[in-house]
Amino acid sequence: MKIVDIENLHVSFQHHDGTIKAVRGVSLELFAGESLGIVGESGSGKSVTFLAFMKLLQAPFATIKADKLVLQNTDLLNVDNRSLSNIRGNIVSMIFQDPMASFDPLFTIGHQIVETIQVHNPMRKKAALAKARDLLVRVEITNPDQVLKYYPHQLSGGMLQRAMIAMALSCDPQILIADEPTTALDVTVQAQILQLITNIQTETGMSLIMITHDLGVIAETVDRVVVMYGGRVMEISDTISMFESPKHPYTKALIESIPGREAGKQKLKEIKGASPNALAPPSGCPFHPRCSQADAKCVAEMPELLTYENGRAAACWQVK
Amino acid sequence: MLGYVIRRLLSICATFTIVSILLFIMMHSIPGGPFDATDMPLSEAAKATIMAKYGLDQPLYIQYLKYMWGVLHFDFGVPFQSPGETVLELLGRAWVPSLVLGGGGVLIGTPLGIMLGILAALNRNTWIDYVASGISTLGLTIPVFVTSMLLILVFAVWLDWLPASGWGEPKKWILPIIAYAAIPTATYARYARSAMLDTLNKPFVMVLRAKGLPERKVIFQHVLRNSAIPMVTVFLPMFIGTATGSIFVEAMFRVPGLGAYFVSSIRTRDYPLEMALILMITVMFCFAFFITDIVYAMLNPKIRLGGKVIK
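Respectively, the protein sequence lines represent chains A and B. Each residue of the first sequence is one higher than the one before, counting from 0 in numbering that gives the first Met the number 0. Each residue of the second sequence is one higher than the one before, counting from 0 in numbering that gives the first Met the number 0.
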């Protein structure tokens, strides 16, 4: 069952140098219970797509246009503040990149989780506090009573991200959007947090959207991948097929640039050139200036996202 | 915490001593003296007698030590320009109008400025922001004697609602209080706006919205509280700056406050009054910063509890 349907989403920001076109016609969908990865480099529009989806980008600075922006039966293009409050944190929860900056420094962790619970469920403070404690136990925090009383600065990044996940789960959301949840953490902690997210997703059956620039994270956590570049979707594929037989030259280049396992002096492969300038995106396919297979058509015309076997899709003139 | 308080109190004593020495040296190094009148000069003998009476014939360090001994016993001497009373009596008398006007100005200007700043930040880049920021820029850039003049012109001369100047009945306080309020209003409007915008751009505000908290709660329970911390730090110093009198406002409205004594004590080499005024301000600023630091620490758990990190 389709629970998120985004069609032809455009997001732009007014900047004093001009209009930044962060997202240029993104279409994607999410099915109930699946885990979807959104991968792309910085500036590819992957985070902005979902901030726009959650209506967290504010007018007048951001302009959002779409043919469809639907969550279950709610049209998010015409949603009132009340329904929006009911969606955020209740139906769709988000966790963000920097756990240290994600909590209000002036309130305890307990206060902030209780606050979230009470917004969506009328419940006494004592009951909410007990629920918050259970949530902390669920994210494998061993000293929940203490952590409830701590202020954010008293906890490490890994602990805070656990608390953040607990807070995100507090109203049993149907969708969890994780926006680079491990980027700011130590490598050892990263693996634990990813494991925790996958475990919880399996237990609850909620859908997961994992936004990341790290293909390793994709390989470990998601079933299906959307590859984004220059504010466009380049490829959509199940995870295994994407790694085994990438269709789009950009996806291929990304996979090739993963450092090899063998020790030695082989040079790290990179994609030459830089991400497109969102103030003045290149004509045609946004990847053509860096693409080894680009020809005149790629320069002139933006390729459409075409569907291939097994629900795979790619936007490239060179894919046959 | 106790150790911190003691350390701060000691450092205030040190500041006080250093300021008093520098002040004493600078004050006496200005050529001329308090009894050097040119239009009706004193005879040499009379001048020598009067200098001896006030101890001005002694070496400077003796004068300083004697002065500080007096200060330790709350004896600040007798002002040369008004020998009928002690310095403390003069300060007690002249400070009341300055405190009423300056205090009134700060107490009105602070909430007004904060409200303007909040409105501006919440309606950033709209006409509300431009009007609020405009008021604040005008308040900071138009000299207070011009504002005072305009107030007198409009409300006393043209509209004839309020008396133009004087001191006594509360009716006469209104215009000078408004004039005094201009600076705190303008300062706070700027501070509040930038503090609010600073907080609004923090990632946790996005998290608060993403978890479904209504905007009203995001602003009033979280953003305002976080923005209050930088705003607290300006309050007491500004209060003291204002409540110790404004030469201009008091002159414009003919208020018998402290302001005029700052000028006259320096001009007439009124050493006891000059020392007392400046030392008083030094001590008040020291304590203002001290109290501000403590309040700041109480508001901010990061400082209150220290940075112990639990893995």
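Don't read these hints as lab results, they were simulated from the structure. One should not assume that every hint holds.
[Stated by the list, open to error] Derived CB-CB ranges, DEER-like:
#	chain 1	residue 1	chain 2	residue 2	range
1	B	4	A	125	49 to 59 Å
2	B	4	A	74	55 to 65 Å
3	B	15	A	121	54 to 64 Å
4	A	121	B	294	51 to 61 Å
5	A	121	B	12	50 to 60 Å
[To be verified] When the alpha-carbon atoms are kept at most 25 Å apart in a straight line, the in silico DSS-like pairs for lysine-lysine are as follows:
#	chain 1	residue 1	chain 2	residue 2
6	A	125	B	201
7	A	251	A	319
8	B	201	A	54
Where a beta carbon is used, it is the ideal one built from N, C-alpha and C, also for glycine.
Results of checking the hints against the structure:
no. : hint                         : in the structure
1   : 4/B with 125/A: 49 to 59 Å   : violated (37 Å)
2   : 4/B with 74/A: 55 to 65 Å    : holds (60 Å)
3   : 15/B with 121/A: 54 to 64 Å  : holds (58 Å)
4   : 121/A with 294/B: 51 to 61 Å : violated (36 Å)
5   : 121/A with 12/B: 50 to 60 Å  : holds (57 Å)
6   : 125/A with 201/B             : violated (30 Å)
7   : 251/A with 319/A             : holds (15 Å)
8   : 201/B with 54/A              : holds (17 Å)
Violation of the numbered hints given earlier is confined to hints 1, 4 and 6; the remaining hints are satisfied by the structure.
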